[in-house]
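**Q** These are the residues of each chain, in order.
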Amino acid sequence: MPEAASMPGTSRPGTSRPGTPSPGAAAEASLRPVPAFGGLAASSPDGRLVVREREGLGLATVTARRGRGGDLAEVLRASRGLVLRPGPTVSRAGDLALVGTGPETWFAVGAGGGWRFSRALAATLAGLAAVADQSSGYGVLRLSGPAVRAVLAKGVPVDLHPSAFAAGDAAVTLAGHVGIVLWRAEDRADGEEAFDVAVFRSYAESFRHWLFASAAEFGLADGPAPGPGTAGAVSRPA
Amino acid sequence: MRDVQSHRLDAAGLVDRARPLGFRFDGRAYEGFLGDTLASALLANGVRLVGRSFKYHRPRGIVTAGPEEPNALVALREGARREPNSKATAVELFDGLSARSQNRWPSLAFDAGAVNGLLAPLLVAGFYYKTFKWPSGFWERVYEPAIRRAAGLGRSSGLPDPDSYEGAYAFCDLLVIGAGPAGLAAALAAGRAGARVILCEEDFALGGRLLCERDAVDGRPAAAWAARAVAELATLPGVTLMARTAVFGAYDGGTFGAVEKVSDHLAVPDPGRPRQRLWRIAARRSVLAAGAIERPLVFPGNDRPGVMMAAASRSYVNRFGVLPGRRVAVLTATDDGWRAAFDLAERGARIEAVIDPRPAGPPALEERARRLGARLLRGGRVAGTHGRLGLTGVTVAAAGGRTERLPVDLLVMSGGYNPNLALTTHLGARPAWSEEIAAFVPGGLPPGMSVAGAARGTLSLGAALREGHAAGREAAEACGLGGCAGEAPRADDEAAGLAASWPVAGARKAFVDFQHDVTVADVALAHREGFRSVELLKRYTTLGMATDQGKLSNLNGHALMAGLLGRPIPEVGTTAARAPTVPVAIGALAGHARGRHFKPTRLTAGHALAAERGATFVEAGQWLRPQWFAAPGEADWLATVTREVRAVREAVGICDVSTLGKIDVQGPDAGAFLDRVYVNGFSGLPVGRARYGVMLREDGFVLDDGTAARLAPDHFVVSTTTANAARVMKHLTYCAQVLWPEADVQLASVTEAWAQYAVAGPRARRLLEALLGAAADVSDAALPFMGAREFEWAGVPVRLFRLSFSGELAYEIAVPAAYGDALGRALLAAGAFLGVAPYGSEALGVLRIEKGHVAGNEISGTTTAGDLGLGRLMSRKKDFVGRALAGRPGLVDPDRLRLVGLRPLDPAGRLSGGAHLLAPGAAATTANDLGYVTSAAFSPSLGRWIALALLRRGPERIGEHLRAVDLLRGTDVPVEVCPPVFVDPEGVRLHA
Amino acid sequence: MRIACPFCGSRDLREFSFLGDAGAAGAGLPGAGPGAGPGAGAEAGADAGPGAGPDADAGARAEAVYLRDNPAGRHRGLWYHEAGCRSWLAVTRDTRTHAIFAVELAREGAR
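Those protein sequence lines, which keep their order, are chains A, B and C. Just so we're aligned, residue 1 is where the first sequence starts under the numbering used here, counting upward by one. Just so we're aligned, residue 239 is where the second sequence starts under the numbering used here, counting upward by one. Just so we're aligned, residue 1231 is where the third sequence starts under the numbering used here, counting upward by one.
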């Protein structure tokens, strides 16, 4: 066993001489956020599938307090002009969308604001709902194009045919082995279908692998470099 | 140079003569056409010998024209793409295809293994069990290797599969299985009515028998009608046509499994395209229109190349434009079989004889056969076949017994039809016996399924079309679709004229199961030796256990047994069919989940930073966590970990702890709810404070441990161990929704939302002061041990907890995960002047062992809170999940294994996890076992190895000397039992 | 198998996990079941409900944990829609045929 003294970088009390902190070290610097998918943008050559990360969204889980669902709906209507639809659907008003993800539970999506969006929503719904910020917890990809359903069918065990999954419908389900929140977004300007997929941040790399493997036959080409890489050696548990 | 297609007809058939395809078989070049199978292309070139049989190495040829083929198994392609046991009759020909025959050495024509045929009397049914019994040591060393070399079929390449596979889901109103006449009619009716229809066909061409028979539908040739039907289906918006797709299983709830051979008809898959795709199809209704398989007749020498099913011979002539023989004998026990004589004669074959064991039949057939110049042997049989590597003649016996040898190169046979009903039985229904067609037909059906056409035992074309149409229309109606289904297609109702003709005992070298070389004699032997139930017959003789799963052989074998038993066939029964009905590659089942992607990998927000800093990562469940950060010059991981531990004990370290589960618990009842799920109380916890808690399972054992912090009167954040995060979330939702549905409590997993770093060591506070500046007061007064604060810093919300897993002055700081990377970098920058070091999970483990904190090794599902020294936490003033059963005598027995520390008596002694504890001098037996080491580590703080252990009556043995015996590693280390807290037992450091 | 989740609709079996007999859930656990939610703001010393003595409950708890019914035939079991809406469901089905007769949210069934 080597002696500690031979180890570079080892700091020992009495021998090291800590300096003083440099003035304002990092304290007031603003921190740079990293999008879950690293700002992913990719497209197949013929545009059959277009993938784009929706960055900077405000995301939150909203769960009504016991028996306060009606009051919550009323406050949303009055304060945001949002009419809350029941079930696994998306209710929209302006920059705010509430995706039904469970009984009395929603995934709130704000067009921007990140964690501040959640904080404002919590204030609006104080006493009526538990609001937990998830702005960093998920990455959201917008998938669109004529091949989008064929690609999603390779991992999503839900019927996405327009007759079964209409505009504004939503589902909490799987893509391969990765949990997702999925909803029909507004169709593209050219009339092609679009879906938003929210994936837990830590699964972004795995989802990305599944997506590119599944879309390979449509020639989906990689976009900008991914955010968190997978570099580094992995040792196997003994 | 390529051989000419000696047996190809000038016209006829659906192959594209303008599209020649070159291929190789056993190294020799041949040519076929687009639309051929490998089998039809081989026959077109006059190749009849394609393989050797499994056990006796008998020459074998092509028997069928479909996926039921038992004999023509070949190894397809070369190198890593080699696929053994491919059925030549189902392999779509492509340019450059290369195939090799199997189970022969050195060559197909001269096979040394054929000597097995001479040993046939020894290799009878059950020979493994009888012949190779002793000496016992010979089995592994001599018998098995020899048998494996001599017997068996193809061999896999042994190389990694270079192709990709994928899964996919599909949904429809109606799934139609099979695109023959009934299937096309069903799909048309439902599709026209507006249903979402998926039509699956195993073949690459849609049409089934319509492509192979010279019938007429709606006044058109059958194949032309099929092409029109397919063209119409392609225009219907709700209809999906899936050729090359075999439905292999029926599952609960209208779910079906199917495998699509996306690229098997190509030498190499197109870029980005998978080789095969596994479909899971959820269908509200289904129509099984999978047709029927013609049944062989069992007679001496019936396995010789040149003996073929009658319907297959019609497929080769009519669909592929290949004349499989020029001088033909027809052996048929059905009127249907006579059609082969007419179709083959039409294309120039000479029909030498029609042998029909039935004493009488329709005069019109006989008249027509006579006009061909064929001899008619009513009540006749085939007594033998001739030809070393292919048929050159048959010996026929007339009704009176007089035998005669006829020179023929093709003998076609028809013994009736077995409906393809396997999918009706996958959910437990049994087939029913039909005397009318002398075969099993579907009995019960899975919910939502109907059966049409030959699969139902309906063997006339007109009736099959009507049934298919009706089934499609009814399915659409059942789905609430009222569109017009149109008229049923019309065709003649020619009777198939089926009658039973079962094998009887006594025939020599008469094969019941071609692929597994099971003969009439083997079945008779099984009967003599008492293996008489069909299940025992199967296992004793291997009847029906080959890759064709007895599609051709089972009923003949069972009928033979029924005859020997003197009982009717339905009483003898049939074996159960189970999914999959066709072989499915493991690769197709795995899809994209291969290698590194077998399961998802979860990465923390600090992953890239850790990788930059040279981390070695370790899998922790799905997560990758930094295990350690090796520095240049360090000899091994132990040196690295020791340095990291010292950095924490002596300066400050940071560790990414984002993988710990975080559950947001809100609501007026949040505190009371936590009282119910933790053994200790939480409703009295002040805001701004955290508390360590233990959760039990309902059975009283420890589920998990962690801290919960109160952020507001109605808001807690609960932390879990990395491994149990999902389990605890499930448990809490169970408690909230099932146990206490009235509780006003809301749960949300926020594990992913926050990136969290532990900052630990005597200089931790100075690091945070440098980092946070005026944003937060981290003094002991403002943030004492187990304090929790929320504030904003550098434009982001921060949660700061004063928690310590290491036993040092320590904090955990959390920011929204998007800022996790930036936080890690800021911590390293702010702490540089303090000598901050990142540390990994290994150092984390050493630190907690030194401090006696339990982790997954101790919370193993077998330990109680008391066992772990946490019994004092269990409140007596409230109830909680697991309390009642935790009080059972067995769980409070003082004899239980309980947590202690261990240290070797010799300071240089090394301990290992899993070692068992024994008294000095005790033998290493289960009876003497006193417990075991759960966690062991080299303690840099003590300069020696230490361990945590679960020891019988542990705390009472403090100070005793025992041995830690590791029989796997061969170590036996004398140890002293000590308290489990090795460092700072008074807790001075963490309160600093 | 497919389960018609009352919230999500018809979903594949892979999204669910099975726990056991719905009738046994919480049996003998004071405070569990109809109308017995934990009181708001109660401190750790709050009474756990009528008949709260652990000893009296051990038998019922042991039965609930270890002796759950598993009949051949109609059975009401608890399922967790883990990969979906995270609802606990009470699914009534025939264990022999997997035919499903009813699916309800366990939270509502318990009322």
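Quick caveat, the hints were computed from the structure, so don't treat them as lab data. Incorrect hints may appear among the rest.
[Claimed, not checked] Short derived list, chain C residues pointing at chain A, Cβ under 7 Å:
1. 1238
2. 1242
3. 1314
[Claimed, not checked] Just so you have them, the derived chain B footprint on chain A, three or more residues with Cβ under 8 Å:
4. 155-161
5. 174-183
Positions of the beta carbon are idealized from the N, C-alpha and C atoms, including for glycine.
**Q** Now tell me, hint by hint, if it's right for this structure.
**A** Each hint tested on the structure:
{"no.": "1", "hint": "1238", "verdict": "6 Å, holds"}
{"no.": "2", "hint": "1242", "verdict": "4 Å, holds"}
{"no.": "3", "hint": "1314", "verdict": "5 Å, holds"}
{"no.": "4", "hint": "155-161", "verdict": "holds (count 6)"}
{"no.": "5", "hint": "174-183", "verdict": "holds (count 3)"}
Hint compliance for this structure: no hint is broken.
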